[in-house]
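Colleague: Order-wise, the sequence lines are chains A and B.
Just add 3 to wherever you are in the first sequence, counting from 1, and you've got this note's numbering.
Just add 3 to wherever you are in the second sequence, counting from 1, and you've got this note's numbering.
Just so you know, these hints were derived from the structure itself, not from any lab.
Treat the hints with care, since some could be wrong.
Repeated chains share a single entry, so a pair holds when one copy, or any two copies, can fit it.
To be verified - The calculated SDA-like cross-link candidates involving lysine to any residue, where the alpha carbons are at most 20 Å apart (straight line), are:
hint : residue 1 : residue 2
1    : K192      : S170
2    : K357      : D241
3    : K368      : D309
4    : K368      : E270
5    : K357      : H299
6    : K368      : L310
7    : K368      : G297
8    : K357      : S26
9    : K357      : L245
10   : K368      : E298
11   : K368      : D86
12   : K368      : S48
13   : K368      : G269
14   : K368      : P98
15   : K357      : G332
16   : K357      : G225
17   : K368      : S296
Keep in mind the model is a prediction, meaning the values are calculated, not measured.
2 protein chains.
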Amino acid sequence: MLAGMSSGASRDHFWAVVPAGGSGTRLWPLSRRDTPKFLQDLTGSGRSLLQGTVDRLRPLCGERVLVVTGARHAAAVREQLPDLPAANLLVEPEPRDSMPAVGWAAAVLERRDPEAVIGSFAADHVIGDAEAFRARVEEAVHAAADGSLVTLGIRPGYPATGYGYISPGAPAAVPGAPDTRRVARFVEKPDLARAREHVAAGDLWNAGMFVVAAARLLDLLGRWHPELAAALRRVAADPAALESEWAGLEPVAIDHAVAEPAAAAGEVAVVPGDFPWDDVGDFASLADRLAESGEHPGMRVLGPADLVVSQDSTGVIAARGGRTVVTLGIPDVVVIDTADAVLVTTRERVQDVKQVVETLRRLGKEELT
Amino acid sequence: MLAGMSSGASRDHFWAVVPAGGSGTRLWPLSRRDTPKFLQDLTGSGRSLLQGTVDRLRPLCGERVLVVTGARHAAAVREQLPDLPAANLLVEPEPRDSMPAVGWAAAVLERRDPEAVIGSFAADHVIGDAEAFRARVEEAVHAAADGSLVTLGIRPGYPATGYGYISPGAPAAVPGAPDTRRVARFVEKPDLARAREHVAAGDLWNAGMFVVAAARLLDLLGRWHPELAAALRRVAADPAALESEWAGLEPVAIDHAVAEPAAAAGEVAVVPGDFPWDDVGDFASLADRLAESGEHPGMRVLGPADLVVSQDSTGVIAARGGRTVVTLGIPDVVVIDTADAVLVTTRERVQDVKQVVETLRRLGKEELT
């Protein structure tokens, strides 16, 4: 059993695992295959989402950060995280969804430290109150001490249809984790009417954040996907086996592979989080993260504000092409200017941007996607 | 008295005078101080408006073309019209409105040929039927033989409020000019109600096109602006006097300086023109000149069509920045992409683009204007 995070000993066992993947096609042309959103500063902070994720975890994990990314992005990750030791960057030969990524990290870490507890946090989310976040992660580490798979659920700000929900059950009654509840079930993305019901019932958004002992995660995985768990442990034991093993791995999300069946077995707990959280899924969400321009009321600006001139317009402008961007007389406009492509749409169509990416591929313009 | 254009002798006296000026701020960012609209291909023809103007006149005037432009644009004009002899390019030290420009050309040409008849046609207009246009110019040359100042008026396609109108009076009764009428009066740009009345009354758009004997134009000018006429003749006689004389010239439009008072004196005639004509004053007008994209119904494209992807959008896109331009879900959108600036507006706001240029200057971004 793990001691509380307040003791130096237990801090030494906590590892932040950061899966850095995802294409973010609804954020095209900012997000591209080669420069996905986790590599970009989408908040105007001067740090990429990946860097922000690691910065946020450092006070908890110190140097114990392990990043899992694809071969395509490994060089960029190394450049953005120059202090990350080579041994703490796992490079997937090709994407295999979240379970192999997080499971591989768990397998590597259980070999380094049989008592390792991992917290898995996607590289492309934005969290508004880092201190509150870290306090909730500390509670999750306490809650994981009994062997639970612990997730952090977000208190909904509105009845979102773009996120799955978590229905909490009875209190977990774990020392040091007073707000932790058992998870009754995970719910897929609902329609608006059901989303309202979930909010009214006190359900939480599933933000895909898990805290669990590394060895325990693999044991749980072994219960439902024994081949996958065994393969990941073989890769961790013999890195030379990576290429040959990886090609045969089952591509599956951690939710489906472990979290849902474990919840049904009563082995998942949830810590509710009140901190602001966003997966920056589309340009409306991006706009909400940005401060309103002082110069141009109603217009949010990403990039140098002096490149933007907005007259009688509201919405969001990303000036990432070095060019001056001028809008005149368009409400709720979205203008995303980059070096080789500019997108013009409106807030109500931001969900359809991913179709634009499909269109570009159909037209043979893969180099833009 | 001049003979008809059908005789070789009279053709030898006809000169096309092309004032190449005007800023076209409503076409920003396509049109700039250094690259105004007359230097640009705004029709997708592969020729600039200036080149198109000269091409259109060549069958009438042969080599007898004289271009008047500002010092800022002289090099670009020489580049676009490589066959223009140096003596046929008059370079104004600074803009002084249309009367000094056209009057200087008239003064130069009356010295070369006392019988010279000039036709003055702005470099930044688009005309849809060159043959019909030339036939009307020929009639205007006949009509100018009695010493009249002859203008070409355009039959209105709609009750425009952006153009002045010409009210025709009695038939001119000049041999070879059967459709020519005296001009009762010139009317400034009207409001919509008055514009409708003008259209109903058979009035014509004032397109600023004049045909007149060179010496006669200067004599008319001398009647109302004797100092200006004398100064222009001094400059023509002694080019070394240009700099010193030009600074003191009265800046005045040819309409106010000569056409309106001459009309009041019964000395102006008008030839009605049925050819399509447009001064490409704004992006709505520009859009109307462009063919609809085959690939993107409802979207007009200026520039390489393969740079444009339009989904659920109508309007006009100028892809002049080498970048792919994507619009999603915006009706009547106007996107003008250039190397250093992109403008996003809608068709109903195209008249306000000139305010954007003022804003850019106020913000210290003159280099973009």
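Colleague: Each hint: holds or not?
Modeller: Cross-check of the supplied hints:
When the C-alpha separation of K192 and S170 is checked against a cutoff of 20 Å, the pair qualifies only within one copy, where the shortest distance is 13 Å, while the shortest distance between copies is 69 Å. With identical chains, the CA atoms of K357 and D241 are never at most 20 Å apart, being 39 Å at best within one copy and 68 Å at best between copies. In this homomeric assembly, K368 and D309 come within 20 Å of each other (Cα to Cα) only across copies, at 10 Å, whereas the closest approach inside a single copy is 31 Å. For the identical chains of this complex, K368 and E270 are neighbours neither inside a copy (47 Å) nor across copies (62 Å), given an alpha-carbon limit of 20 Å.
Within a single copy, K357 and H299 get their C-alpha atoms only as close as 28 Å, which misses the 20 Å cut-off; across copies the closest is 19 Å, which meets it. In the homo-oligomer, the alpha carbons of K368 and L310 lie at most 20 Å apart only across protomers (10 Å), although the nearest pairing inside one protomer, at 27 Å, exceeds that limit. When the C-alpha separation of K368 and G297 is checked against a cutoff of 20 Å, the pair qualifies only between copies, where the shortest distance is 19 Å, while the shortest distance within a copy is 37 Å. In this homomeric assembly, K357 and S26 come within 20 Å of each other (Cα to Cα) only inside a single copy, at 10 Å, whereas the closest approach across copies is 40 Å.
In this assembly of identical chains, K357 and L245 lie within 20 Å of each other by CA distance neither inside one copy nor across copies; the values are 32 Å within and 62 Å between. In this assembly of identical chains, K368 and E298 lie within 20 Å of each other by CA distance solely across copies; the values are 15 Å between and 36 Å within a copy. Taking identical chains as interchangeable, the C-alpha atoms of K368 and D86 are never at most 20 Å apart, the minima being 36 Å within one chain and 41 Å between chains. When the C-alpha separation of K368 and S48 is checked against a cutoff of 20 Å, the pair qualifies neither within a copy, at 31 Å, nor between copies, at 26 Å.
Taking the shortest Cα distances, K368 and G269 never come within 20 Å of each other, neither inside one copy (48 Å) nor across copies (64 Å). For the homomeric pair K368 and P98, neither the shortest alpha-carbon distance inside one copy (22 Å) nor that between copies (46 Å) is at most 20 Å. In the homo-oligomer, the alpha carbons of K357 and G332 lie at most 20 Å apart only across protomers (13 Å), although the nearest pairing inside one protomer, at 26 Å, exceeds that limit. In this homomeric assembly, K357 and G225 never come within 20 Å of each other (Cα to Cα): the closest approach is 35 Å inside a single copy and 68 Å across copies.
Only between protomers do K368 and S296 lie at most 20 Å apart by alpha-carbon distance; the minimum there is 19 Å, versus 34 Å within a single protomer.
Checked against the numbered hints listed earlier, the structure breaks hints 2, 4, 9, 11, 12, 13, 14 and 16; every other hint is satisfied.
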